[in-house]
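Protein chains: 2
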Amino acid sequence: MEKVEKKNENPLYLEIYEYYKNLILLGRMKAGEKLPSIRRCALERQVSKTTIESSYMQLAAEGYIHSVAGSGYYVSEVNFEERKRIAPSYQQNKKQEKPLYDFVSSTVDPKSFDFELWRRYMKSALRNTERLVAYGDPQGEYDLRVALMNYVNEARRVVCSPEQIVVGAGVQSLLGILCALTDVRNPICFTGHEFKQGQAVFKDRGFDIYYRRTFAKDLSFLKEKKAKMLYTFPSHMTPWGEVMSMKTRLELLSYADKEDCLIIEDDYESEFRYYTRPVPSLQSLDGGQKVIYIGGFSRLLLPSLRIAFMVLPVELMDIYQEKGRYYNQTASTAEQIALCQFIRDGHLKKQIRKARKIYMSKSQELGRVISEVFKEKAKVLPNEGGFLVPFEIKTTLSIKEIEERASKAGIKLRVAEKLSHEGWIYLILSCSGVEEELFKESMSLLKDVLFE
Amino acid sequence: MEKVEKKNENPLYLEIYEYYKNLILLGRMKAGEKLPSIRRCALERQVSKTTIESSYMQLAAEGYIHSVAGSGYYVSEVNFEERKRIAPSYQQNKKQEKPLYDFVSSTVDPKSFDFELWRRYMKSALRNTERLVAYGDPQGEYDLRVALMNYVNEARRVVCSPEQIVVGAGVQSLLGILCALTDVRNPICFTGHEFKQGQAVFKDRGFDIYYRRTFAKDLSFLKEKKAKMLYTFPSHMTPWGEVMSMKTRLELLSYADKEDCLIIEDDYESEFRYYTRPVPSLQSLDGGQKVIYIGGFSRLLLPSLRIAFMVLPVELMDIYQEKGRYYNQTASTAEQIALCQFIRDGHLKKQIRKARKIYMSKSQELGRVISEVFKEKAKVLPNEGGFLVPFEIKTTLSIKEIEERASKAGIKLRVAEKLSHEGWIYLILSCSGVEEELFKESMSLLKDVLFE
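Order-wise, the sequence lines are chains S and E.
Start counting the first sequence at 1; every next residue gets the next number (the numbering used here).
Start counting the second sequence at 1; every next residue gets the next number (the numbering used here).
None of these hints come from the bench; they were simulated from the model.
Keep in mind that the hints are not guaranteed to be accurate.
For identical chains, the list gives no copy identity; a pair is met inside one copy or between any two copies.
What the hints assert, rightly or not - Below, computed lysine to any residue pairings styled on SDA-like, alpha-carbon distance capped at 25 Å:
no., residue 1, residue 2
1, K323, A180
2, K34, T51
3, K357, E376
4, K49, K357
5, K98, G324
Looking at chain S on its own, in the form it has when it is part of the complex (with noise of 0.2 Å):
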């Protein structure tokens, strides 16, 4: 604390505070002597007592000497070698160094982007004195609220008021909350991605929890699990960006109706398609009914930036109100008056055209690239939306001999097991975290260490 001490902004005090202490320390004062009175030790010091009784004080906060009411200070009884340990700290081993090229990471294009212009809409936001030194309003700023409210609603169609809309951290923040509120409700079913991080929350908080790639049409597996919550992503329900039918959409709101079952619509990449016109959101079909729609902008803008929301239906909102309010909110409020400006200016828009233009042709491409590069070896299919290109080689190796060829090669690829079939290894590339001039080495490397 040496340091702590020099900068300290009472020296005097503190030199009477070490001398006592260490005497009771050094054993040279033991537990019951009395020290001597403040107003002695102030004569004998040349000091005022007001120092001496600041030592005292502190001598007595930390234990070492005690108050006997009308008689003065003595010596505590403290075993202090009883504590004399040192904690064995925690090493982790080191993480993996990065790969040349890595076609798993769900990073954003840096292209993507306009650093400088966010960093201006910051750079005003910091400037909301008045705001930043408060906590903030815990469901999120109203006015980016509001501002989200338009959006999905020009956007997605969604129909809600700025009070049904929670901001927060990510999508598992928000998860946390929602768990608060339906805890009552269980099993929930996971159809689409896996989410591992989604099914944690849940998981954690002790719901049991069924997961399906995909529910047959006739909701046979909602049905027999008897779901009481369905968590899915009816935007992009592969990782190439399949939609829901509007079929299979009407199907699963009316069983939501009669089962009194809640879906959480993960919006997921609702933006990134290419070919078709986005599919109307659930949360609109249903008109709020029975859907708790959500929302993010990891990769519209950046993942680093933490905010996503959530709308919840009316049938949630009083419970919000009562057990809601006690979460405080986890994003950063200058952030979340950035946002809410850049939105305002119509700059969430741009961005969406913007971003989906680069990765249709950084996704067209890579397909391009691939076919090009491996012929008849491999079949490249056809990608709806997303970053993901999916494509099939025809190979005799297992999916471990790949993934180690191609991990000595530097380059980080994801398998998809399950679709992988006899001769034919099914690979999933994503093409956001590579940068479109490398496509072409990185898939001759591949090409290479798997047909050499």
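Based on these hints, arrange chain E on the given structure of chain S.
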């Protein structure tokens, strides 16, 4: 959706899409009816087959039509009326207007924080493109964790490695993760501040919770409840900043050892000790065996800057590796980067000294003004640290009357019901949210309305 349409990249295919969609919606094409083949349709309309294909894909995606292998596209059966509903959007009754003098709020004094300096750090943080386009470390940026390790080690003697530090957007986010690691440890006891937000997290996770303002010196409270965890504020046990004596600390730690009880040390406002030096943290006394140390920056920097951290004991590290990694980071990466540099450059320590000075003089001044204004009608009680000025006023008014009269006058204050006694009402005012210049007029006003 008009707006979205206008902006769409491919109006031509949409035209055709709309054409058939309307035919179907208007019933001019009935379920089962066949659409013209893509070839024929393309010829008739003099557009490319791809365009027609896109239109049909869109219609199919939305469930208006379906394809029959080898035969073509047919109109599907869908009941569109079923879903024509509008959500009764939820309206909250507006929040009441801001009080004139808020002596309850936990906002920080704008004078205590150098916004210009922070803006500079944020600006440079926002230049780390490569780090901002990625998700970042779920546990918190590594360099920030190193900076935090050094800071808590120097300031609070906390012993740990960066691997033991978990960063999150506020204490609740951290407790949410902690619950997942300790859900076998029931019940949990809370002492000191009631900290409803903290209790809510554990309650919603199904923990049994017991609260007592203070546990008896012999820790009988913990013993009788068979506490498996204790949540406590050793540096700030009461609103006016009493600290836990060294004696109690040592007893507590040996109890924790014997009974395998984890202690959550919320080091809330440890920096704001005015007359005595900070007491060593429990974690430092215990060498990090049984103590989870929690620190934050709401008061030190800005409440709107959502960054807190916890130091896990070694015994929780393995389960954290297993379960914790499913929880994404909630704190903004940009703000983590800025804070890291801010700490490295020594600004945090400067900030502590600056803020401590400000709040020390403010709380002293408020106490002085109260004595001066209320004279013999009030007893100002000593304040060891923090932001709160406790005092008693001699009155026959009921607590309710006092609160009503005050709020009518635009003064928001807190009455400590449990501490009030016959003829004396116990008030606790926070000095942080009101400017020093307003102390005199607000207290005079309060006196007038209470003693008119």
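**Prompt:** How do K323 and A180 come out at 25 Å by Cα distance, when the copy is not named: within, between, both, or neither?
**Reply:** Result: close both inside a copy and across copies, 7 Å intra and 20 Å inter.
**Message:** Regarding K357 and E376, is the shortest C-alpha distance of 25 Å or less found within a copy, between copies, in both, or in neither?
**Reply:** Neither: 29 Å inside a chain and 75 Å across chains, both beyond 25 Å.
**Asked** Can you tell me if K34 and T51 fall within 25 Å by alpha carbon in one copy, between copies, both or neither?
**Response** within (19 Å within a copy, 97 Å between copies)
**K98 and G324: within-copy, between-copy, both or neither at 25 Å Cα** = between (40 Å within a copy, 22 Å between copies)
**Message:** My question is about K49 and K357: at a cut-off of 25 Å on alpha-carbon distance, are they close within one copy, between copies, both, or neither?
**Reply:** For K49 and K357, only the inter-copy Cα distance (22 Å) is at most 25 Å; the intra-copy one is 75 Å.
In terms of the numbered hints stated before, the structure departs from hint 3 and from no other.
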